[in-house]
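Colleague: Order-wise, the sequence lines are chains A and S.
Heads up: the first sequence begins at 1 in this note's numbering, then just goes up one per residue.
Heads up: the second sequence begins at 1 in this note's numbering, then just goes up one per residue.
Derived from the structure by calculation, the hints contain no laboratory data.
Treat the hints loosely; a few may be bogus.
To be verified - Okay, derived cross-link-like pairs now, DSS-like style, lysine-lysine, Cα gap no bigger than 25 Å in a straight line:
no.: 1; chain 1: S; residue 1: K113; chain 2: S; residue 2: K32
no.: 2; chain 1: S; residue 1: K113; chain 2: A; residue 2: K3
no.: 3; chain 1: S; residue 1: K27; chain 2: A; residue 2: K3
no.: 4; chain 1: S; residue 1: K113; chain 2: S; residue 2: K27
no.: 5; chain 1: S; residue 1: K32; chain 2: A; residue 2: K3
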Amino acid sequence: MRKALSLVVLLVLALGLASALRGPSIGAEANRGELLDDQKVNFGRRYNSRAVEETGASNVVASVLVTYRGLDTLGEVTVLFVAALGLAVLLHTGRDRKSGKEAEAPSLIVFTGCRFVFPLILLFGAYIFVHGHLTPGGGFQGGAVVASGFLLIYLGCRGRQPDRQRLNAVESLSGVAFVVIGLIGLAVGGSFLLNFLPKGSPYALLSAGIIPVVYVFIGFKVGCELGGIVADLSGARR
Amino acid sequence: MSFLADYVHYIGCFALVLIGLYIVLVKTNLVKVIIGINLIDTGVNLFLVSVGYIRMGTAPIFSEDGAAGKQMVDPVPQALVLTAIVIGVSVVALGLSVAIRLYEHYGTLDLRKIRELKW
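The whole structure should be built from the sequences, with the hints applied where relevant.
Modeller: In structure tokens form, the structure reads like this:
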């Protein structure tokens with residue numbers, strides 16, 4: 001009954017979506033041939049043609065994320081922070097933590113292997129978020145790599161867990177630093193998250209003004225935040 | 001056949017959304033429902049990226065040697081999807097923590113036992 005009814009619903013939805021595809025074509029592919037005139041603003045093509053000279057970053061996605069739509073990114077970081085907060089509240093309040101069974105100590109090979117690989121994972125994550133304005137990647141991706149390093153520690157080296165308070169301190173300070181950079185832009189040039197640092201020469205590591213700085217802070221914040229989420233879900237004690 | 005070739009990315013992401021919706025509607029295990037929600041999320045992200053796709057276009061990243069002459073895909077949907085992925089991760093993490101608390105309270109993840117659902 002339930003399966004049949006859901007299949008009917010899905011069939012109707014699928015027919016609707018298929019008929020939508022039959023109509024006039026959509027997306028960037030449809031109007032690739034059109035010339036760009038002043039009446040019709042196409043943001044994607046405008047960013048692609050002007051972003052390098054305007055922001056100095058060769059990765060257009062990074063310059064869209066940090067400068068053109070920096071406020072969105074601040075909101076995104078806030079959503080992640082609120083989710084981590086809600087998760088900690090759900091998992092740590094009103095709950096008698098007996099922690100009856102202690103996890104077994106890992107074998108020497110696993111322990112040593114994790115300790116050997118962990119700094120390399122952190123280095124790779126740092127590489128990704130430092131080069132966010134030049135290559136594919138950025139603060140969020142690098143932060144996710146850093147958090148996978150924390151996941152390895154929680155899985156393989158129980159008993160040697162990172163200090164939660166230090167993680168939380170790094171996360172809060174980098175969040176504050178992001179807002180402070182935005183406020184400095186407001187004070188210097190009159191708009192929030194203004195790119196107030198010199199743009200430098202394109203394709204150099206130290207270029208693109210505030211984009212690498214913001215990405216480093218986002219990388220620290222996301223890494224520590226996702227590491228905290230992993231710790232909470234894996235049942236680590238605070 | 002050319003319809004399939006032209007719209008294969010749209011068909012794929014709609015299929016992902018429909019599979020996820022089917023899981024949400026039919027499955028009774030809470031963890032499977034969360035996986036279904038995550039599948040819907042993935043399908044929507046794929047749809048947004050494929051809206052900005054240009055056939056044979058390159059990634060919107062400039063380099064010194066330059067891919068001159070090649071058209072670049074639209075960077076705006078990619079930046080938006082980056083945001084959406086992070087928010088999807090937060091949603092899944094929150095859902096899993098709610099599932100953990102429900103399991104501790106009811107001793108089961110079966111939605112029919114958690115609430116007296118008829119079907």
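Colleague: Next step is simple, just say for each hint if it's right about the structure.
Modeller: Hints, verified against the model:
| no. | hint | result |
| --- | --- | --- |
| 1 | S/K113 with S/K32 | 15 Å, holds |
| 2 | S/K113 with A/K3 | 19 Å, holds |
| 3 | S/K27 with A/K3 | 9 Å, holds |
| 4 | S/K113 with S/K27 | 13 Å, holds |
| 5 | S/K32 with A/K3 | 15 Å, holds |
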